[in-house]
Amino acid sequence: MGPFDQDPQGFRNLLTIRNLVSTFSIIYPLKSRLDAPASVLDVITHLTAQLETSLKVLQTDNAREFTTALAKLGIGFYPSLPYFPQENGKAECLNQTLGDMARAMLTESGMLSQFWQFSYASVCYLHNHLLNQ
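Numbering-wise (my numbering), the sequence shown opens with residue 2 and increments by one.
Honestly, the hints are just simulated from the structure, not real lab data.
Don't take every hint at face value.
[What the hints assert, rightly or not] Under the rule of at most 25 Å between Cα atoms (straight-line distance), these lysine to aspartate or glutamate pairs were calculated in the DMTMM-like manner:
| # | residue 1 | residue 2 |
| --- | --- | --- |
| 1 | K73 | D101 |
| 2 | K73 | D43 |
| 3 | K73 | E53 |
These numbers were taken from a predicted model, which means no experiment stands behind them.
Given these sequences and hints, build the entire structure.
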């Protein structure tokens, strides 16, 4: 998601990752969209070590930069069709929900928009700990 106003640490974009089975979500701030493949690999490595299991399939938007990195790890890659966000509806819904909650949090707190990263981190934590379907 993004670009947003640059935050104090230089981040302008946000990567969201969601487990479609458990609905657990992770956000990862990015300085540039070009950092997304390396960030996804970091998250995959971390989750593989923590959960002691391997990732089998990853569904993303049609970002081609993921194909090489995922092929090296032996992970199946299912991109959605270009200009057809409905195919990746759960991710789009998550982005909309987190965005609405984060903007409301920033507005109600009176914080500057450059603190978006902290707002998104808070609402992602809340979203993971609420009952959701």
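Status of the hints after comparison with the structure:
no.: 1; hint: K73 / D101; verdict: violated (36 Å)
no.: 2; hint: K73 / D43; verdict: holds (14 Å)
no.: 3; hint: K73 / E53; verdict: holds (19 Å)
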